[in-house]
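Dock chain A with the ligands against the given chain D, drawing on the hints supplied.
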Amino acid sequence: MGPFPRSKNMEKFGQRKDAVDIVFQRTMLVFPLLVLLIVGGIFVQLLLSSWISIKEFGPAFLVTSTWDPVAEKFGALPFIFGTIVSSLVALLLAVPIGLGTAIYLAEYAPQWPRRIISSLVDLLAAIPSVIYGLWGIFVLVPVMRSHVQPFLGKYLGFLPFFQGPAYGIGMFSASVILAIMIIPFIISISREVILAVPHVYKEAAYAMGATRWEAICTIILSYGKAGILGGIILAMGRAIGETMAVTMAIGNNVKISASLFSPAYTLASVIANEFAEATSKLYLASLTHIGLVLFLVSIVVNILAWLLLWRINERQKIFQGR
Amino acid sequence: MNLNDQTIGNDILPGDIRPHINTELQNGKPLFVSHRKPLEESLENPIPQIMVKELNFYYGRQKALSKVSLGIPAKKATALIGPSGCGKSTLLRTFSRMNDLIANARIEGTVTIDGRNIYDRDTDVVELRRRVGMVFQKSTPFPKSIYDNVAYGLRIVGIRDKKTLDQIVEKSLRQAVLWEEVKDNLGKSALALSGGQQQRLCIARALAVGPEILLMDEPCSALDPNATARIEELIFELKDDYTVVIVTHNMQQAVRVSDFTAFLYLGELIEFGSTQKIFTVPKDRRTEAYLTGKFG
Ligand SMILES: Nc1ncnc2c1ncn2[C@@H]1O[C@H](COP(=O)(O)OP(=O)(O)OP(=O)(O)O)[C@@H](O)[C@H]1O
Ligand SMILES: [Mg+2]
Numbered sequence: 020m021g022p023f024p025r026s027k028n029m030e031k032f033g034q035r036k037d038a039v040d041i042v043f044q045r046t047m048l049v050f051p052l053l054v055l056l057i058v059g060g061i062f063v064q065l066l067l068s069s070w071i072s073i074k075e076f077g078p079a080f081l082v083t084s085t086w087d088p089v090a091e092k093f094g095a096l097p098f099i100f101g102t103i104v105s106s107l108v109a110l111l112l113a114v115p116i117g118l119g120t121a122i123y124l125a126e127y128a129p130q131w132p133r134r135i136i137s138s139l140v141d142l143l144a145a146i147p148s149v150i151y152g153l154w155g156i157f158v159l160v161p162v163m164r165s166h167v168q169p170f171l172g173k174y175l176g177f178l179p180f181f182q183g184p185a186y187g188i189g190m191f192s193a194s195v196i197l198a199i200m201i202i203p204f205i206i207s208i209s210r211e212v213i214l215a216v217p218h219v220y221k222e223a224a225y226a227m228g229a230t231r232w233e234a235i236c237t238i239i240l241s242y243g244k245a246g247i248l249g250g251i252i253l254a255m256g257r258a259i260g261e262t263m264a265v266t267m268a269i270g271n272n273v274k275i276s277a278s279l280f281s282p283a284y285t286l287a288s289v290i291a292n293e294f295a296e297a298t299s300k301l302y303l304a305s306l307t308h309i310g311l312v313l314f315l316v317s318i319v320v321n322i323l324a325w326l327l328l329w330r331i332n333e334r335q336k337i338f339q340g341r
Numbered sequence: 504m505n506l507n508d509q510t511i512g513n514d515i516l517p518g519d520i521r522p523h524i525n526t527e528l529q530n531g532k533p534l535f536v537s538h539r540k541p542l543e544e545s546l547e548n549p550i551p552q553i554m555v556k557e558l559n560f561y562y563g564r565q566k567a568l569s570k571v572s573l574g575i576p577a578k579k580a581t582a583l584i585g586p587s588g589c590g591k592s593t594l595l596r597t598f599s600r601m602n603d604l605i606a607n608a609r610i611e612g613t614v615t616i617d618g619r620n621i622y623d624r625d626t627d628v629v630e631l632r633r634r635v636g637m638v639f640q641k642s643t644p645f646p647k648s649i650y651d652n653v654a655y656g657l658r659i660v661g662i663r664d665k666k667t668l669d670q671i672v673e674k675s676l677r678q679a680v681l682w683e684e685v686k687d688n689l690g691k692s693a694l695a696l697s698g699g700q701q702q703r704l705c706i707a708r709a710l711a712v713g714p715e716i717l718l719m720d721e722p723c724s725a726l727d728p729n730a731t732a733r734i735e736e737l738i739f740e741l742k743d744d745y746t747v748v749i750v751t752h753n754m755q756q757a758v759r760v761s762d763f764t765a766f767l768y769l770g771e772l773i774e775f776g777s778t779q780k781i782f783t784v785p786k787d788r789r790t791e792a793y794l795t796g797k798f799g
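Protein sequences appear in the order of chains D and A.
For the first sequence, the tail end lands on 341 under the working numbering, and the numbers increase by one without skipping.
For the second sequence, the tail end lands on 799 under the working numbering, and the numbers increase by one without skipping.
Bound-form chain D, shown alone (with noise of 0.2 Å):
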């Protein structure tokens, strides 16, 4: 047979498809780079706005631990290590939770348990963070202090973190509040992730002799690496610039103290609590500049990312000779 005869309908048919494809899709360009303007513009708004700040201190900002409002003497270093300890105690907590969690839910849990908990833990991920906050304040942290606290201090006091009196409030407690936050979103995109994996693969493992745990730890987990650490990273995206909750139970204490029982402050933190109250200029920029050192670390910490999953995708890529 030759060449498909095409009508003079069909031809203007293509045509008004074409024409149809590349409004739409010049129209859709607009919006990254909406986006990327966004970006942009906050970035250089943050600039600006704490540049008397970044003149007087420089570099030196990120890695001095005076905060005075009063003698106007300002450092960030209490409020990065703040940032960055509560997010990772809070990950250390979450990761093992959220993923335990949906590997059953993806793999062992019956019908019905799965999507009440499945219908449950996406609930909880559309809490706002102040109820979160209240919760903590009112329910974890007297547990924290009364229980949690003691019994750490009493089996792990060995270890730098676990020493100090029991205040309740302070990084640890945060964290908690933190790990509780993000766990929803651990759940959900590991679940998605586990779920995905071809089923041929997993009845592969099955008809190997494995046991339900080994071609979870041997094929589902290999398969769903890269999805999982995005999960992962995502969550800590959020842990990093989470606020409100973290404001009320963290105790707003500019000091950097091994312990985790210690009161403690966060970059998001210190923006909320002081920003009302800054009245100087410079104690205002200061503000500021905290602010464009968040938006960096969040920046850095999704870039990080990015390059991890493509590193991972890129051989995974080699792996199925692509």
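For the record, the hints were derived by calculation from the structure and aren't laboratory data.
Nothing here was measured: the structure is a model prediction, and the numbers come from that model.
Each residue gets a CB set at the ideal place from its N, CA and C atoms; glycine is no exception.
One thing to keep in mind: the hints can contain errors.
[Unchecked claim] If the Cβ cut is set under 7 Å, some of the chain D residues that face chain A in the computed set are:
id, residue
1, 216
2, 228
3, 233
4, 240
[Stated by the list, open to error] Between beta-carbon pairs, the in silico distance windows are:
id, chain 1, residue 1, chain 2, residue 2, range
5, A, 611, D, 215, 30 to 38 Å
6, A, 698, D, 241, 15 to 23 Å
7, A, 769, D, 127, 29 to 37 Å
8, A, 605, D, 215, 16 to 24 Å
9, D, 50, A, 622, 53 to 61 Å
10, D, 133, A, 627, 22 to 30 Å
11, D, 236, A, 724, 25 to 33 Å
12, D, 144, A, 587, 42 to 50 Å
13, D, 128, A, 587, 49 to 57 Å
14, D, 236, A, 627, 15 to 23 Å
For chain A with the ligands alone, kept in the frame of chain D given last:
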């Protein structure tokens, strides 16, 4: 009755099947006769290794198998044929309880392997699956090296000794006729192999744990004729040592590799017997109709 080369394609067969088989000539002989043991011998001595009795299978409310009973002989190749959706895969998968993984699937009746009902409560499913290997339609190499793929089943039973692993990996790859092609690249990713090589790798992987029974669900359907021929040769050799059950849509393949054939239709076993008989003197009109391409 003695079936030999002459009787094939004679009056017993409906007209359509004659060219169908007779065009598959190799050295002037129909392909499937060339490597066949005398019919009497294979029929006389069929020791059933897998006994299926009154098997009903349900996916939820839908009945996929209905009162299937058959005995699959040891160290022979048995083909399951039938139109799409008739329950071939379902039946095959019951032999290693792969249907356990499907929610809502329900089974009635018994499947007995070497005298033990594998659906008994105290069956060790993991152990069962080590004895009954399975190869899927789509090759399923794990994202690991060739070596690690073959060693997978051994490692999960706790074999760590490098020497033992090396030996079994080589033996399995040789059995699957893949050794010569990959022996210098055992560390290479299995996903970089060709489709046919991947399928042979999966066969090697299944053989490595030393099964007695090998289930294959359309193992060649994604392969080109060359790769298909290699797998068929392989199956033909494997059945000296293993009980092979193969699902296939390819009639000539069934004829070439199998000693026995079961024809399923709408979830029922219509006919089961020696491949020669089924393909030359089908008893049931539906078998005949299927073989002559009237449906499916
Ligand atoms: N996981 C499942 N859930 C529900 N129904 C299923 C499932 N698998 C198969 N079925 C149904 O059971 C019947 C038999 O399916 P089966 O896969 O055994 O057929 P088959 O003979 O292997 O077909 P094919 O030749 O197309 O592979 C079909 O009607 C199919 O729709
Ligand atoms: Mg099938």
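Right, here's what the structure says about each hint:
1. 216: Where the cut-off is 7 Å and the nearest Cβ of chain A is about 11 Å from residue 216(D), the hint is violated.
2. 228: At 4 Å from the nearest chain A Cβ, residue 228(D) passes the 7 Å test, so the hint holds.
3. 233: 5 Å, holds
4. 240: 11 Å, violated
5. 611(A) - 215(D): 30 to 38 Å: 34 Å, holds
6. 698(A) - 241(D): 15 to 23 Å: Check passed, 22 Å falls within 15 to 23 Å.
7. 769(A) - 127(D): 29 to 37 Å: 35 Å, holds
8. 605(A) - 215(D): 16 to 24 Å: 18 Å, holds
9. 50(D) - 622(A): 53 to 61 Å: 57 Å, holds
10. 133(D) - 627(A): 22 to 30 Å: 26 Å, holds
11. 236(D) - 724(A): 25 to 33 Å: Holds, at about 31 Å.
12. 144(D) - 587(A): 42 to 50 Å: Holds - the Cβ-Cβ distance for residue 144(D) and residue 587(A), about 43 Å, lies within 42 to 50 Å.
13. 128(D) - 587(A): 49 to 57 Å: 33 Å, violated
14. 236(D) - 627(A): 15 to 23 Å: 20 Å, holds
Hint violations for this structure: numbers 1, 4, 13, all remaining hints satisfied.
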